[in-house]
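Colleague: Starting from the known structure of chain A, fit chain B onto it as the hints suggest.
Top line first, the protein sequences correspond to chains A and B.
Numbers 1 to 181, taken from this note's numbering, label the letters of the first sequence in order.
Numbers 1 to 539, taken from this note's numbering, label the letters of the second sequence in order.
Hints are computed from structural coordinates only; laboratory data are not their basis.
Where a beta carbon is used, it is the ideal one built from N, C-alpha and C, also for glycine.
Among these hints, one or two may not hold up.
Okay, the calculated beta carbon distance ranges per label pair [to be verified]: (1) 361(B) / 142(A): 56 to 62 Å; (2) 105(A) / 95(B): 36 to 42 Å; (3) 25(B) / 159(A): 43 to 49 Å; (4) 225(B) / 153(A): 42 to 48 Å; (5) 91(B) / 9(A): 24 to 30 Å; (6) 149(B) / 129(A): 22 to 28 Å; (7) 133(B) / 105(A): 48 to 54 Å.
Some chain B residues flagged as far from chain A (calculated, every beta-carbon gap over 10 Å) [stated by the list, open to error]: (8) 56; (9) 133; (10) 150; (11) 215; (12) 324; (13) 339; (14) 366; (15) 384.
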Amino acid sequence: MSLEKLLEKRKSEILKKWYNQVVDTYPPETALFLREQKDAFSNPVGKATRDSLHALLGELLKPEMDSEAVRSHLDPVVRIRAVQAMFTPSQAAGFVYFLKDIIREVLGRDLDNADRLNRLLAFERRIDDMSMSAFNIYMKCREAVFQMKANQEKNKIYKAFLRAGLVEEIPRDETGNHKDA
Amino acid sequence: MSDLPKSEEILKDVEHAPPKKGWMNIPVDIRKGMYCYAANPKSLNALGFPNVHEWNPKDEDWNLPENWQEILHKGFKERLDRFRSVKVFMDICVRCGACADKCHYFIGTGDPKNMPVLRAELLRSVYRNDFTLAGKLLGKIAGARKMDEDVLKEWWYYLFQCSECRRCSVFCPYGIDTAEITIFGRELLNLLGLNIDWIATPVANCYRTGNHLGIQPHAFKDMLDFFVEDIEDITGINVEPQFNKKGADILFITPSGDVFADPGTYTCMGYMMLFKYLKDKYGLDVTWSTYASEGGNFGFFTSHETMKRLNSKMYAEAKRLGVKWILGGECGHMWRVINQYMDTMNGPADFLEEPVNPITGTRFENAKSTKMVHISEFTADLIKHGKLDLDPSRNDDLKVTFHDSCNPARGMGMFDEPRYVIRSVCNQFYDMPRNTIRENTFCCGSGSGLNAGEDMELRMTGGLPRANAVKFVHEKHGVNMLACVCAIDRAAFPDLMSYWVPEVDVTGLTELVANALILPGEKQRETNLRGEPLPGMEE
Chain A
1 MSLEKLLEKR KSEILKKWYN QVVDTYPPET ALFLREQKDA FSNPVGKATR DSLHALLGEL
61 LKPEMDSEAV RSHLDPVVRI RAVQAMFTPS QAAGFVYFLK DIIREVLGRD LDNADRLNRL
121 LAFERRIDDM SMSAFNIYMK CREAVFQMKA NQEKNKIYKA FLRAGLVEEI PRDETGNHKD
181 A
Chain B
1 MSDLPKSEEI LKDVEHAPPK KGWMNIPVDI RKGMYCYAAN PKSLNALGFP NVHEWNPKDE
61 DWNLPENWQE ILHKGFKERL DRFRSVKVFM DICVRCGACA DKCHYFIGTG DPKNMPVLRA
121 ELLRSVYRND FTLAGKLLGK IAGARKMDED VLKEWWYYLF QCSECRRCSV FCPYGIDTAE
181 ITIFGRELLN LLGLNIDWIA TPVANCYRTG NHLGIQPHAF KDMLDFFVED IEDITGINVE
241 PQFNKKGADI LFITPSGDVF ADPGTYTCMG YMMLFKYLKD KYGLDVTWST YASEGGNFGF
301 FTSHETMKRL NSKMYAEAKR LGVKWILGGE CGHMWRVINQ YMDTMNGPAD FLEEPVNPIT
361 GTRFENAKST KMVHISEFTA DLIKHGKLDL DPSRNDDLKV TFHDSCNPAR GMGMFDEPRY
421 VIRSVCNQFY DMPRNTIREN TFCCGSGSGL NAGEDMELRM TGGLPRANAV KFVHEKHGVN
481 MLACVCAIDR AAFPDLMSYW VPEVDVTGLT ELVANALILP GEKQRETNLR GEPLPGMEE
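Here chain A stands alone, though its shape is the one from the complex (with noise of 0.2 Å):
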């Protein structure tokens, strides 16, 4: 048996198995709410969460792996993570990596043949792809989160100048466009 048909028929082994994994990054008191509230609106990192990583292991699962499609799987998880102050970068964006030791410890002897080991190092690359992907969106997330930052403290000084009678702005004709235009 190749080594995809293998990963396809322990697919929900290795997808609890990291499911868990990743709500472990939590204390336990969170992650035992992760894992037990299943409506949707109360608990939207669980939710998030487990779309994500069902949607995603299904994406490396595929022949071809579409690299769009990994990122719209990826965005809701790490966009979670990014803001969750009590990750590092690392721990925010990294959790893509553990599917590699998870796949190795649920194959264990099934990988002793130098073709499957060849095929897993290719599948290991998909894995490296995937969480290279994770690290852009993060980085994304961070950088939208200051420049809302940035902006409110603009928008502040602006209007503070405003108030103060500062600010003389460029008059509009009829036609709305600015005048000096």
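Modeller: Then chain B, alone, in the frame of chain A:
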């Protein structure tokens, strides 16, 4: 090669599982993005607060007064005697956990110390140590611990990660109001000069000048005059607001956020248009005040006395102007203070009349004692009696959902009036899932003075449960507008939406009303109040 670090040395910081220790043994870690800057001493001094000093939450030494433990113990004791509710809340919690997963900050941050039960336990543990026999004798076994600097820092960090929204209290079988515990805890911290600037400076400005930003009366009037020009451009009507008019029927007070912060400014224009309409059609005489120019009450986040002081200004102005009653704008905390505290602090406001809508004859029984009516109740009453000419098709480009702002919803029980107003002025309205609205509404994540820029991570995580429900109706029904009745919501949601659901914009209720409202003698409108083309008017 032997000089190269081993991989486990490089990766020693990359630990993916948190320590498995009890909460009391995990010291507080004050993380950037999760707290607001310390209060400016100038602002605290202006309010006459005690033990004002320079300090920085990230510093080891917080420059506390030498006898800080004594001050705190004394303050704790005084308040246990003074507020029976706090005493009861300290004793009756059985740690059933019903509240544990109901807090938006817990759900979003994943930090267990944001479970309401645990946040309260931060205070209770010290209470047990200082005031109960079991705690004194058995210490940690009885869940007691001594107050020290680490515990104090933990208090500060987590008491300013609670927006006092009271969602958790809805689920407590004993009716413990955890918001009251936060209010109490913050009041104690205030005794040591440990407030945040996003609260202290607006409070000082409000106390001295009349509103959070310290806008002076002439500048306040100037801002509204700008809106008059904008409204005239759009409708051809000069709405002629009245200021400080003695003998007017009604004094209107709204949060100053509506006057200076988009998108609240469009809601402000909406109020002005509604009052013009009512004046022309029915002769209703409404005045604004440049002195009581703030509805928001951040005093609520410092101490009971400060809350009382700020609240009293509105009533003093109503008395000075000799109006019949007060109409309040779309605000959050203002309504909580009015409905829950005003009557015993500054009330009853006997010098005012029991509010009756002079146009419909409706008596607002709920405002019998406070003499203050919410604009949504007022507008809903006008619509119900067919007193407004409305063209809801002007809002046809909008698919609207409604966020129940915590204070008007849980603090005064106003659920149906805003929905009735929206359905009357918009053709497309979709509620969010049941467990995220009405009394179960999720906070915007920025309430109780936490709407700063520096704590953006706290705001994004705290607002996640709300944004998640908005995302659901956006994906299911194409919702593109989030309506609310609170100035903090209007200030906080644009950022929250841009991070989680960028396709959704934010509006106040009265902006929607004003877009649909047909003013007597108006020209054909081509744009909405934001200057965007109305449906069918696109080029």
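Colleague: Indicate, hint by hint, whether the structure satisfies it.
Modeller: Cross-check of the supplied hints:
1. One distance hint, 56 to 62 Å for the beta-carbon pair residue 361(B) and residue 142(A), holds here, with the actual separation near 57 Å.
2. A hinted range of 36 to 42 Å for the beta carbons of residue 105(A) and residue 95(B) is consistent with their spacing of about 38 Å.
3. At roughly 46 Å, the beta-carbon separation of residue 25(B) and residue 159(A) lies within the given 43 to 49 Å, and the hint holds.
4. The beta-carbon spacing between residue 225(B) and residue 153(A), approximately 28 Å, falls outside the hinted interval of 42 to 48 Å.
5. For residue 91(B) paired with residue 9(A), a C-beta distance near 57 Å fails the hint of 24 to 30 Å.
6. At roughly 47 Å, the beta carbons of residue 149(B) and residue 129(A) sit outside the given window of 22 to 28 Å.
7. Remark: the range hint 48 to 54 Å for residue 133(B) to residue 105(A) is upheld by a beta-carbon distance near 53 Å.
8. With 10 Å as the threshold on Cβ separation, the claim that residue 56(B) sits away from chain A holds: the shortest Cβ distance comes to roughly 18 Å.
9. The claim that residue 133(B) is not at the interface with chain A holds, since no C-beta of that chain comes within 10 Å of its own (minimum 29 Å).
10. In this structure residue 150(B) is separated from chain A by more than 10 Å, as the shortest Cβ-Cβ distance comes to about 18 Å.
11. Consistency note on residue 215(B): stated as away from chain A, yet its beta-carbon is not over 10 Å from all of that chain's, at 6 Å minimum.
12. Here residue 324(B) stays apart from chain A, with its beta-carbon at least about 32 Å from theirs, past the 10 Å limit.
13. Every CB of chain A is more than 10 Å from the CB of residue 339(B) (nearest about 27 Å), matching its label as outside the interface.
14. A cut-off of 10 Å between C-beta atoms confirms that residue 366(B) is not in contact with chain A; the least separation is 30 Å.
15. The Cβ of residue 384(B) lies farther than 10 Å from every Cβ of chain A, with a closest approach of about 32 Å, so its non-interface assignment holds.
Violation of the numbered hints given earlier is confined to hints 4, 5, 6 and 11; the remaining hints are satisfied by the structure.
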